[in-house]
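Peer 1: Single-letter residue listing:
2 protein chains.
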Amino acid sequence: MTPFSFDLTAADGRARAGVFHTPHGDLLTPVFAPVGTQATVKAVTPAQLHELGASLVLSNTYHLYLRPGDPLIAEMGGLHRFMNWPGPILTDSGGFQVFSLAATRKIDDDGVTFKSHTDGSQHRFTPEKSIAIQENLGADIIMAFDECAPPQDRPYSQRAMLRTHAWAERCLQAKRRPDQALFGIVQGGVFPDLRQQSAAFIASLGFPGHAIGGLSVGESKTDMYATLEVMDAVLPAEKPRYLMGVGTPEDLVNGILRGVDIFDCVLPTRLARHNAALLRSGGRLNLVNAVHARDPRPIDEACACYTCQHYSRAYLRHLIAAKEMLSATLLSLHNLYTLVQLARHIRQLILAGQFQNFAAAYLAQLNVEDMQDPSLNSLTDAFEKF
Amino acid sequence: MTPFSFDLTAADGRARAGVFHTPHGDLLTPVFAPVGTQATVKAVTPAQLHELGASLVLSNTYHLYLRPGDPLIAEMGGLHRFMNWPGPILTDSGGFQVFSLAATRKIDDDGVTFKSHTDGSQHRFTPEKSIAIQENLGADIIMAFDECAPPQDRPYSQRAMLRTHAWAERCLQAKRRPDQALFGIVQGGVFPDLRQQSAAFIASLGFPGHAIGGLSVGESKTDMYATLEVMDAVLPAEKPRYLMGVGTPEDLVNGILRGVDIFDCVLPTRLARHNAALLRSGGRLNLVNAVHARDPRPIDEACACYTCQHYSRAYLRHLIAAKEMLSATLLSLHNLYTLVQLARHIRQLILAGQFQNFAAAYLAQLNVEDMQDPSLNSLTDAFEKF
Chain A
1 MTPFSFDLTA ADGRARAGVF HTPHGDLLTP VFAPVGTQAT VKAVTPAQLH ELGASLVLSN
61 TYHLYLRPGD PLIAEMGGLH RFMNWPGPIL TDSGGFQVFS LAATRKIDDD GVTFKSHTDG
121 SQHRFTPEKS IAIQENLGAD IIMAFDECAP PQDRPYSQRA MLRTHAWAER CLQAKRRPDQ
181 ALFGIVQGGV FPDLRQQSAA FIASLGFPGH AIGGLSVGES KTDMYATLEV MDAVLPAEKP
241 RYLMGVGTPE DLVNGILRGV DIFDCVLPTR LARHNAALLR SGGRLNLVNA VHARDPRPID
301 EACACYTCQH YSRAYLRHLI AAKEMLSATL LSLHNLYTLV QLARHIRQLI LAGQFQNFAA
361 AYLAQLNVED MQDPSLNSLT DAFEKF
Chain B
1 MTPFSFDLTA ADGRARAGVF HTPHGDLLTP VFAPVGTQAT VKAVTPAQLH ELGASLVLSN
61 TYHLYLRPGD PLIAEMGGLH RFMNWPGPIL TDSGGFQVFS LAATRKIDDD GVTFKSHTDG
121 SQHRFTPEKS IAIQENLGAD IIMAFDECAP PQDRPYSQRA MLRTHAWAER CLQAKRRPDQ
181 ALFGIVQGGV FPDLRQQSAA FIASLGFPGH AIGGLSVGES KTDMYATLEV MDAVLPAEKP
241 RYLMGVGTPE DLVNGILRGV DIFDCVLPTR LARHNAALLR SGGRLNLVNA VHARDPRPID
301 EACACYTCQH YSRAYLRHLI AAKEMLSATL LSLHNLYTLV QLARHIRQLI LAGQFQNFAA
361 AYLAQLNVED MQDPSLNSLT DAFEKF
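Protein chains in written order, with my numbering: chain A, 1 to 386; chain B, 1 to 386.
No lab work stands behind these hints: they were computed from the structure. No experiment lies behind these values; they were computed from the predicted model shown. Please note that the accuracy of each hint is not assured.
Since the list gives no way to pick out one identical chain from another, each pair is judged satisfied if it fits inside one copy or across any two copies.
Unchecked claim - Straight-line distance between alpha carbons at most 30 Å, and here's what the computed DSSO-like set of lysine-lysine pairs gives: (1) K42 <-> K323; (2) K129 <-> K323; (3) K323 <-> K115; (4) K221 <-> K115; (5) K175 <-> K129.
Work out the full structure: start from the sequences and follow the hints.
Peer 2: Written out as structure tokens, the structure reads:
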């Protein structure tokens with residue numbers, strides 16, 4: 001019936017390698033999705049995204065609803081055609097963005113009224129509206145409309161969870177397109193019992209995949225990982241799991257260790273626009289620093305991305321100093337490559353039964369590295385085959 | 001001895017098709033060179049430049065001398081390696097930029113003292129210094145240091161011409177690298193006798209190629225074309241001619257008709273950053289206009305560039321409205337493709353003996369088109385094979 005199915009190819013501990021079939025191609029999981037908020041991954045063409053190995057792209061419902069408007073995108077043939085990304089696309093529900101507009105939104109059991117960040121105009125999202133917008137956009141994977149809460153606030157987390165559950169049922173009711181997979185979202189803050197309750201309820205609704213919301217918004221890494229542990233035990237293994245908005249290299253390794261399949265994050269492109277390169281080790285290199293001015297080495301001598309294959313740190317620093325747009329492009333290409341390829345590499349390690357060892361060595365070196373500007377020469381053996 | 005030679009393959013009237021051999025590859029002329037002022041064509045990668053058919057890239061001596069400095073570029077292996085452009089590169093002499101700093105420079109017979117536009121620091125260019133910088137940069141084609149004058153000011157044009165002649169001799173004396181072709185520059189404003197005198201003098205010095213300076217700086221098109229006519233008769237046919245800083249589609253056609261082989265201009269990338277598409281017809285399309293908001297057509301349905309093959313006007317307008325950097329990239333790709341391919345197409349027409357007819361039809365339609373926002377459907381037959 002549904003064009004969506006998930007094949008679990010291999011497991012290594014709780015880490016999983018799978019294939020999620022979509023109408024726009026198969027996603028090999030674990031997978032990292034670049035974020036194209038406004039129907040473009042900033043400063044990067046789809047041809048470049050394809051070349052660096054990206055398979056899934058995320059776009060934001062809230063932004064596209066406001067500009068250029070989802071009816072316009074539908075009229076132009078849908079988001080795939082509009083933004084020229086022929087592969088799978090995932091859209092969020094708009095929930096997270098709307099709740100981020102803390103000062104200008106009002107939530108009730110039916111939905112949320114909010115003011116646009118672009119022109120202050122008033123709008124209203126309900127579960128039904130979010131689905132209608134996402135059906136206009138036409139992504140392969142769409143999200144139920146949920147309520148995020150500050151993760152340490154138990155009363156609010158509980159209320160938001162219950163509302164999220166009611167809205168999940170309404171989203172399922174509202175959904176019409178058979179060529180889109182609607183994922184339910186688990187909420188519950190950092191509270192194990194709430195997360196357990198939420199995962200069990202959302203799982204009971206029969207979604208083809210599950211998203212884990214409300215993390216990476218202020219809680220500690222320890223809390224995030226503990227929360228993932230709880231859900232791994234409850235969410236059905238035969239459906240993909242998507243950890244929303246999470247994506248440092250460290251988080252990928254830790255998330256995959258705890259059974260997560262799909263990640264997305266603005267980090268690689270945002271860091272790029274702030275002149276920072278993301279290293280496979282998890283560290284960062286700030287290319288503004290004068291120490292790079294005459295450095296003929298690439299960001300990472302072992303990296304096979306377009307930027308590292310062709311450009312010196314000296315050149316990248318020159319572009320930044322000269323305020324040339326190409327710096328954002330070249331750093332985005334490198335940073336996206338780093339995360340996309342880390343997920344692909346981990347998939348190979350899972351297939352070979354070597355991920356647990358890699359993860360242990362990877363996480364151990366994180367503690368000894370200077371996370372801000374590590375020397376590339378001190379990478380551990382974990383990278384030898386990377 | 002010299003790795004540079006110019007083969008004239010065909011002529012059609014005074015229009016020429018040739019091959020200029022350089023240490024970094026053959027240039028098929030006529031050719032249009034994208035401008036990479038600060039060692040990057042703004043918002044475009046070299047891979048994208050190559051894909052759109054660019055063969056020659058121009059870079060600016062004044063800008064690179066100030067930032068990051070020519071010794072640094074030499075240390076990084078030269079400009080080709082630094083900016084990752086393996087094909088031929090041309091650098092100007094810095095003369096035009098320095099003279100543009102009207103308020104903060106002082107010219108004498110020996111050279112020019114000026115203040116940096118970036119930090120106000122004081123610097124001095126002489127013919128010898130310009131050559132030394134260009135030897136550090138390492139472009140294939142370098143320019144003699146010249147003085148530009150307001151083209152209608154006869155006394156100044158004459159003084160500047162004589163100084164340019166004296167400096168041309170000093171540049172020849174100063175030049176050491178055998179793997180660079182130094183072009184002499186003809187000056188003389190819009191005055192036929194001065195241009196004739198200058199062309200004859202510069203030609204007598206034995207440069208491997210000649211540049212035509214001081215045009216496209218305020219004179220009328222009529223004056224520019226008349227000036228080109230004068231020089232065609234004087235400059236030796238067996239050496240390439242480069243018309244500096246000129247590059248609308250109309251100028252390409254008119255320049256090639258008058259024996260010019262090489263063009264460069266910031267127009268395509270500058271227009272792109274101002275949201276305008278350059279049309280093969282010579283017209284322009286301002287993509288900010290609301291009329292494009294729901295237009296599913298590409299900029300030009302007959303264009304084979306990456307942008308026109310993949311994107312609607314509606315999408316480009318959305319990127320502009322959303323202030324996304326990708327708009328500059330996609331419009332630059334289209335605009336550069338338009339000029340690079342116009343020059344290539346003209347080369348084919350010259351080889352086939354059909355350029356005179358094409359040029360007549362092309363220039364005729366310019367007069368009937370609305371140059372600001374022409375309908376693409378009214379292109380003349382001249383484009384049928386374009």
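Peer 1: Classify it for me, K221 with K115: is the Cα-Cα distance of at most 30 Å met within a copy, between copies, both or neither?
Peer 2: neither (32 Å within a copy, 53 Å between copies)
Peer 1: At most 30 Å between alpha carbons: which applies to K42 and K323, within, between, both or neither?
Peer 2: Classified as both: same-chain Cα gap 16 Å, cross-chain 10 Å, threshold 30 Å.
Peer 1: Cα distance capped at 30 Å. Does K175 pair with K129 within a copy, between copies, both, or neither?
Peer 2: within (10 Å within a copy, 71 Å between copies)
Peer 1: Classify it for me, K129 with K323: is the Cα-Cα distance of at most 30 Å met within a copy, between copies, both or neither?
Peer 2: between (41 Å within a copy, 26 Å between copies)
Peer 1: Between K323 and K115, at a C-alpha cutoff of 30 Å, which is it: within one copy, between copies, both, or neither?
Peer 2: between (34 Å within a copy, 20 Å between copies)
Hint 4 from the list above is the single one not met by this structure.
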